[in-house]
Structure formats: structure tokens, C-alpha cells
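Asker: In order, the protein sequence lines correspond to chains U and C. The letter at position 499 of the first sequence is residue 499 when you use UniProt numbering, and the numbering goes up by one with no holes. The letter at position 302 of the second sequence is residue 302 when you use UniProt numbering, and the numbering goes up by one with no holes.
Derived from the structure by calculation, the hints contain no laboratory data. Ideal Cβ placement from N, Cα and C applies to all residues, glycine included. Some hints could be false.
[What the hints assert, rightly or not] Short, incomplete list of chain U residues facing chain C, as computed with Cβ under 7 Å:
id, residue
1, Q153
2, G210
3, G212
4, A294
5, D298
6, Y301
7, A305
8, V307
9, A415
10, D419
11, I525
12, A529
13, G611
14, L612
15, T624
[Claimed, not checked] Ranges between beta-carbon positions, derived for each pair:
id, chain 1, residue 1, chain 2, residue 2, range
16, U, V383, C, K237, 47 to 53 Å
17, C, N148, U, T71, 41 to 47 Å
18, C, D292, U, P378, 33 to 39 Å
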Amino acid sequence: MSTSTPPLATRPLSDAVRPGPLRAVRQFPNLSKLLLLVLAAAVLVPLLAAKYGAAWPSSLTVDVSGPLGKTSDWIIDNRDSHWLFVYFLGHLSNAVVISVRAVYMLLLALGWTGVTAGITLIAWRVAGVRIAATALISFLASGLLGMWVPTMQTLALMVVAVVFSVVVGALLGLAGGLSERLFRILRPVLDTMQVLPAFAYLLPVVLVFGIGVPAALLATVIYAAPPMARLTALGLRGADPGVLEAVSSLGATGRQRLLTARLPLARKELLLGVNQSIMMALGMVVIASMIGAAGLGDRVYQALASVDVGAALAAAIPIVLLAIVMDRTTAAAGERLGTDTAATGPKWLRGWQAWAGVAVVTAALALVGRLTGSLVWPGAWAVDVARPVNDFKEWMVDHLYSGVPVIGGTADWAAHFTDWVLNPLRDGLTALPWYGTLLIVAALAWLIGTWRTALTAVLAMAAIGVLGVWKPSMNTLSQVIAALVVTLVLGFGVGILAAGSKRLESILRPVLDVMQTMPQFVYLIPVVALFAVGRAPAAAAAVVYALPAVIRITTQGLRQVDSAAMESAQSLGATRWQILRQVQLPLARPALLLAVNQGVVLVLAVVIIGGLVGGGALGYDVVTGLATGDLGLGLVAGVAIVCLGLMLDRVTQPTERRTTGKGA
Amino acid sequence: MSRKRTMIIGTAALAGAAVLSLSLSSCGKADMTKQASPFAAAKGSKSVTLSVQTWVGAQSNVAVAKYLLEHKMGYHVDTVQVDEIPAWDALSQGRVDAILEDWGHPDQEKRYVKDKKTITAGGGNGVTGHIGWFVPKYWADKHPEVTNWKNLNKFAKQLRTSESGNKGQLMDGSPSYVTNDKALVKNLGLDYEVVFAGSEAAQITQIQQFAKQKKPFLTYWYEPQWLFNQVPMKEVKLPKYTDACAAKGAKDPKSIDCAYPTTPLQKFFNTEFAKKGGSAAAFLKNFKWTKDDQNEVSESIASGGLSADEAAKRWVDKHPDVWKKWLPKK
Chain U
1 MSTSTPPLAT RPLSDAVRPG PLRAVRQFPN LSKLLLLVLA AAVLVPLLAA
51 KYGAAWPSSL TVDVSGPLGK TSDWIIDNRD SHWLFVYFLG HLSNAVVISV
101 RAVYMLLLAL GWTGVTAGIT LIAWRVAGVR IAATALISFL ASGLLGMWVP
151 TMQTLALMVV AVVFSVVVGA LLGLAGGLSE RLFRILRPVL DTMQVLPAFA
201 YLLPVVLVFG IGVPAALLAT VIYAAPPMAR LTALGLRGAD PGVLEAVSSL
251 GATGRQRLLT ARLPLARKEL LLGVNQSIMM ALGMVVIASM IGAAGLGDRV
301 YQALASVDVG AALAAAIPIV LLAIVMDRTT AAAGERLGTD TAATGPKWLR
351 GWQAWAGVAV VTAALALVGR LTGSLVWPGA WAVDVARPVN DFKEWMVDHL
401 YSGVPVIGGT ADWAAHFTDW VLNPLRDGLT ALPWYGTLLI VAALAWLIGT
451 WRTALTAVLA MAAIGVLGVW KPSMNTLSQV IAALVVTLVL GFGVGILAAG
501 SKRLESILRP VLDVMQTMPQ FVYLIPVVAL FAVGRAPAAA AAVVYALPAV
551 IRITTQGLRQ VDSAAMESAQ SLGATRWQIL RQVQLPLARP ALLLAVNQGV
601 VLVLAVVIIG GLVGGGALGY DVVTGLATGD LGLGLVAGVA IVCLGLMLDR
651 VTQPTERRTT GKGA
Chain C
1 MSRKRTMIIG TAALAGAAVL SLSLSSCGKA DMTKQASPFA AAKGSKSVTL
51 SVQTWVGAQS NVAVAKYLLE HKMGYHVDTV QVDEIPAWDA LSQGRVDAIL
101 EDWGHPDQEK RYVKDKKTIT AGGGNGVTGH IGWFVPKYWA DKHPEVTNWK
151 NLNKFAKQLR TSESGNKGQL MDGSPSYVTN DKALVKNLGL DYEVVFAGSE
201 AAQITQIQQF AKQKKPFLTY WYEPQWLFNQ VPMKEVKLPK YTDACAAKGA
251 KDPKSIDCAY PTTPLQKFFN TEFAKKGGSA AAFLKNFKWT KDDQNEVSES
301 IASGGLSADE AAKRWVDKHP DVWKKWLPKK
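So that you can see chain U by itself, here it is in the shape it has in the complex:
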């Protein structure tokens, strides 16, 4: 795994400088692009080298820490007097507190019987028996783990955050869907919101709102609204023009057309948007706890402070369960939309009667709970998982850390990975003269895209230099590339296997669900225990986080390959390997590219988590900024991560494909 990485990672270099003869002959446009670049390089490089030297020139940097520091001082000094805070942001903050409190009080009033019954019945009504059973088991499990109250706090926060995200996202999406100009303005904004690591906006949000629920909720909304906006815009823009024409010909006004045709036609996308918003909001639960969000995330975070993986897991399991229940319920609701068999089960389970039934049964069970006097989960019915989990972790670490015969322990692998992959990659990237890096980026982006993509990519890289964080950014870039390559190798491999076997896929599914929704904080301790402090555990955490999406997209892409093409190949006597290589993989190319893109986004999302286990560089700077209230340091590092993301996106995405969300 590790030995194959350096050639792969440095291949872009040789590609840009000397393209294989075959390729050049086949693609003339690329050849001329390259010639032009070589020409430009021949003129520019000696000039730049003579004037500035290999390191990013300090005369080309701008120090923003001064103004940012002043901004932060201004906010702190004016927070209790300026109209912006007193008449606007203050009310926003109060509104958040009141809404969350209202939902929390409602959940407490329903008691554990009422909440469990209500959610199970809603899931049954909307998504069927199996998902209802999942919901029932999940809520009982939260209670059994002793996490009932934090679960309710998180649920209250989630409900309000999702409503806010959906409303904000839908409004933005509506604007983008109806106006081409707004759409063009909106797209880069949404791109940035999605690539910007969540930590980077914790900082300004905390500065304005202070530690607590309002800040946590707004950070969650910023993170969760973009997919809703994107999907709303997509749905509105993708509406069948034939239907729209028919509606217009009936004399409908613009507004009527929107309400009667375009919105209903887009309802699948809208629901998918809601689904994505929920998943992303849940992804923020733990991160938001770093700024005082309370609930389950806070339990995970506090458990980590005392290095207690078991306790962290006990709080993380309800988060995973909540995510699975909410995802399955909204996804099932989305699938059933538009089909006639919208409601399953007997007749009394359909229409308004069913909703009344849900309400009545819930109320009844809530009452029963109240009468028996157990509003909060009865403490005696709790299971302690912390101890066995910790014992298991200890056992695993003791046996894997070192001294496994022949292959060595995980600590040895980590050291080799650092010595043989991360160090040369980092040293190479830092040693490369800055104009050389820019040129390579330009060449890569131009070869697979247009001159515009190349320009964006180069400008993004230049921005990093201008902000004065070139060196740490190259360090981070080396980690991202290494983690990405490992992720893609593993992800494509497993994805190909899973595409070939339905059985493997169904075994993998719950595993991937858990990997995707498990808060990254939970595996921080185990990765450090296994791989020692440094960049290797950071890379491991990134791989764990990004792998599920890559596997999923690969599997799906391969599965969707036209079966006729495969059959004809088979009838020509092609072996399975030949079919895979010559038919399936080329046809699934768009999906594979999407997988690469998601890999980039997700690996970048973990850079900061990596800072918590010794990844250093930009991730550590963002964490430091947050911990020490240093807006300059944290925000600049956050922006640099965004720029890296933009650049990587441009050099890996040949088509105009834009993705819908961070998760797949």
C-alpha cells in the first residue's frame, strides 16, 4: 500500500512535463496547450527565479492578522452596544434559544414513552415497518445507554437547525432556480460554504454570538443549508420544459406556474435536499459541541478529555442511530413520493386518519409514561458499555501496536508511512519552487479542463502564497494527497468487489453507515493509540472518514453500467477482468470521477481533526485559532484549506459536474 504511493503521487509532474507520445498524437489540443505552457515557462521561470527565488517571496504576501485582530476586538467591545448586535443579532440569538427550548420542553413533556412511540409511528407511516422497527430499537438503545437526556437535547437542536437550514436553503435555491444570474453568483458561494471546513466558521460565529447554543446552531445551519439550496435550484431548473410550456399555455402566471408545476415537479429533489441537510446537521453535532452546544456531542467531547473511548462511544452510538433513522425515514419518504402506493399497510394507516392515530397513540403513551412517573428514561435500565469497550480497545492496542510477528505492529507501519511517503512528499512539495508548483497546477487543470479552470486553480494557489501560509499549506497538501491516494486505492478496490457481489454489498452497507456517521472524535484516541502521535494517525482518520463515500459511489457507478454493453462483451468471450477493465470502468468514468471529487472534499474535511492528533500544519493552526481566539491565525488557515480544495477540485474534475453534498 505504501510503496505504490510515491510514483502515483508524483505522476502529475512527469505528465505535465513530458506527455507520452501516444497521448500527444491522440489529443492534439492538449499538445498545443502544453507547447504554449512550455513556452510560457521558458520565458517566465528564469525571470521569476532571478527576481524572487524558490521560496514564496515575502514581498508578495499580505499580512491580514492585524485587521482581523482589530475586527475581533471591535466585535468584543461593541457587542453590548452597537445596533447591529442589539437590534439584529441579539434577536436572532434569542429566537434560537426560544425555539430550541420550546422543542426541548415538548420532548421532555412527551417523556420517553411519548417520544419513542411518536417517532416510531411517524417512521411507520412515512417509511414502513422495517424502518419503524429501526427507530424503536434506536430510541430504546439511547435510553439503555444512559443517554436519554443528551439525546433529547441533540434532537431539539437538530429539529430547529434542520428547519432553519431547510428554510434558508430553499429560499436561496428558489432564487438560484428562478434566475440564471443569481444562480451564477450563488454557485461559487455554495462551493465555498461546502469546502470551507466547519471549524473555520466556528471561530467568527463564536466571536459574534459567544459560546453556546445560538453559535452552535448557526454554524450548523451554515454547514447544512448548501445542499438544500443546491438541490432546490437543481430541481427547479431541471423541470420538464414540456410540462412548463403546457402550464403557460393555459395562461398561468409566473407564480402559479411555480406553485402548481415547478415546485411539485421538483419535490423529489426538495426531499433529497431535506435528507442531505439532516445528515450534514448531524455531522456537525460533535464539532458544534466544541463551542458549547451541549447534548450528545458534548458527552463525546468530554469523554475524550479524560481519554475514555468507551464513554465517547456510548454517546456516539445514539448519534449514529439518530442519523440512520432520520436518513432512512426521509429517504424512504422520497422514494415513495409520486408513486401511488405511497402508504403501505391497511387502510386505517392511510390519509389523515393515520396522522390522527399517530397523535392519539403518542399522547396516550406519553400519558402512561407520565402516570408511571418516568418522564426521563428510568436510570435503573441502563447498560454500561464503557468498560467493555475500553477493555477491547486496550486489548486491540496491546496486540497490534507493536510486536506482531513478520508484518510488524501498527506503530511500525505508521513510522514507515511517515518516513517513506509523507516525509518525501512533504519535502518535495516544500522544496519545489513556488512558480514550478503554480505551473504544474496550471498544466494539470488546463489539460483536463479549460483555461478558466486552470486560472481558478492557479489563483487559488497564489492566494495561499499571498496569505503567507505557503509552507504549512504544502505540508497539508502532502498529507491530503497521501491520504487521498490510499483512500482511492482502497475505495476503488472494495467498490469493485462490492459491485460484483450483492452479498458483500449488503454486508458492507451497515459498516459504511456507521463509518460515515460515527463522529470523527470517537476514533481519535484509537488512531493515536495505534499509529502514535503525528501525521500518520491524521491520515488514517481521513481514510476512515472518506472511504465509505468512495466505496459507495464506485459500487453504484459500476452497477449502473449498461447491462447490454456488458452482455455483448460477455458474448464475445471476454473474461471478467477484461469486462471490468475495458467496459465497466470506462463506462463508469463519471461516477469514478465523482468518487475522486468526494474523496478530496472528505479528506479535506478531516484535515482539522488531524490537527488534534498531531497532523500539524493548517489543521493545527485552525484549532489553535479557535482555542486561543486568534481570528487571524484560524481564519487564514481555514481559507488556505478552501483554496487547496478549490485547486484539487479543478485539477481532478474534467467535466462541469457539481456535487450535491459532502456525503454521498
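With chain U held as given, fit chain C onto it using these hints.
Answerer: Then chain C, alone, in the frame of chain U:
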């Protein structure tokens, strides 16, 4: 159709509720300096919010204060986990009522205690903190000379890791901790690389791993800390701390070349809470114990596997003579 309508109505109702609450609260001024938690005082009881920092010592203070406030004084206590500097901000806003263990933040003190007067100093909590460089006892016993900084370069080779390259590794912890280590390594001419573990959890895990294998290591660490009971460590002597050196360091942090000072740990209160907090404020002002008391609680939390609440109960049951003095006279 009806189902879709209900869904739309449901969403509309929720959105309506949000708008309603927004408009309800938006007549007149909104005070951002008062930030209550939506989860506080759900049962309508008297409530106090304490800030917890990431290290276990801070958790112990809070656990015991919380236990006594809840079980002996009838308060409801909420805790919020926050990093040190954001905690000051939260304290000034009234989002939390008290910090029970501060390691010295002169900038924040000037801004909030002297200038804005939104925070009031609450006196020491009785524990003295000390930051320093530590090596494991099993290693120091074999090479006693390692406990002096002058000899550290001889051992750099033994402390190499893949992160520190061809230098020795000096492990630092969370970015929120007060550290001069980079300057120290440079100014003392040490052949070491500072490697930041990034969080205390990562640092502790790594120390435990080293200790399990009896490997040598050099780490930034602090007292009081429960980990000393599990992994005995010896401090490395650095050039003596002097006021002159501290003054020089205050001017230019990069010039510092002496050891860390010992810090009597301080309590701080939100000013309004200090004035109107009644018996809870009086109790927290009286709160004062010793390093041994704190370590006893810390260890039962961090390695005894007890919850903070259980650990606090155990200590409270054993030491009534200490905490009885904290309760305000009626």
C-alpha cells in the same frame, strides 16, 4: 395528496413557530450579554452554569462543586466544555457563571476584569499549577543526568521519531496551553523538534503507549495531573525562572530562555453572578482545596473508571471537614 399537504403544513407550522419566536423577541433591544442555555433549569430550579476545561483537574473542581451545589444546596448545575480563552468570553457574557481554574491570562484579565468589569476575580482555588518538561521515571533512573537541560542534546538520538526527523522529539500538547517550547528549544540551542500532539487526549494516549513499552520520551506536561500516578515522571531542570526573564519574555515571547513559573490557580466569576448569585456565589468564593484533594478526584475519574459525579461523591463522603467550611453561613 393529503399526506403531502400534512407535510407541508407541518413544515409551515415549524417555520411559523420560528418566525413567531423571532418576532416575539424582537420588540426593542436584545441583550447579547445575557446568553442563557435553552437547556438550563428545565425543571424550573435555581441554576448555576460552570465552565469545564479539557484537563481532568478542571473537571474535578467542577465535579465536586456541582455535587455539593446539587446535593447540599438545592441548585441545578449545568456544565459547558469550553477552551480557556473562549471561556473568558463566555464568562463575560454570562453564558457561564464561573471558571474554577484559570492558569493565567493577563490579556483577558486586563480586558474583562479591569476595563469592562464584566468579570470579577474570585481568588485562588488552593491549587498551585506548574508547567515543565518531563521524562519518565524508568528512564531517568537509568540516566539521572537526563533531568538537566544541559545534557539533553546527548539523548536527542534516543528520542527520534519519524515526526521529529533527525532531531529528538519534544512532545507538546493542546494548542490552548501556555507554551514557550519552540522559543526555549531555539534559545537553549537544543537539538530537538517540538511535535504538537494537538490535544491533551492524544498526548496522554501517546504517553501511555510509550510507558507501556518502557520507551524514553520527553514531554511538556503540568502539575497537578493524575497521569503522574499512572506514569511516574521526573521534571527536567530548565534555566531558573526569574522576574527579569519573565519581563523579557513579556516584551518578546521569542526571546524567553528560562523555566515556566509556578502559578497559583485562580477562580473568576461573572460580575453579576458574583453580586447577585446568592449562596451559590458565596459557596464558590469559599471553594478552596489542595493539590492532593484534586488529584484524588481526578484519578478516580480518569483511571478509576468512575463518572465525575461518582468520583465527587466518593471524595465528599470522605472529606466533610474540607467542604463544610465552604458552605455559606445561614
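Asker: Now tell me if each hint is right for this structure.
Answerer: How the hints compare with the structure:
1. Q153: holds, 5 Å
2. G210: With a minimum Cβ separation of about 4 Å from chain C (threshold 7 Å), the hint on U/G210 holds.
3. G212: holds, 5 Å
4. A294: With Cβ-Cβ at 5 Å, under 7 Å, it holds.
5. D298: holds, 6 Å
6. Y301: Result: holds, 6 Å to nearest chain C Cβ.
7. A305: holds, 4 Å
8. V307: This interface hint holds because 5 Å falls under the 7 Å limit.
9. A415: holds, 4 Å
10. D419: This hint holds: U/D419 lies near chain C, its Cβ roughly 5 Å from the closest one there, short of 7 Å.
11. I525: OK, holds: U/I525 within 7 Å of chain C, min 5 Å.
12. A529: holds, 5 Å
13. G611: holds, 5 Å
14. L612: For U/L612, the interface hint holds, since the closest Cβ of chain C sits about 4 Å away, which is under 7 Å.
15. T624: holds, 4 Å
16. U/V383 x C/K237: 47 to 53 Å: At roughly 49 Å between Cβ atoms, C/K237 and U/V383 fall inside 47 to 53 Å, so the hint holds.
17. C/N148 x U/T71: 41 to 47 Å: holds, 46 Å
18. C/D292 x U/P378: 33 to 39 Å: holds, 38 Å
Violated hints: none; the structure is consistent with every hint.
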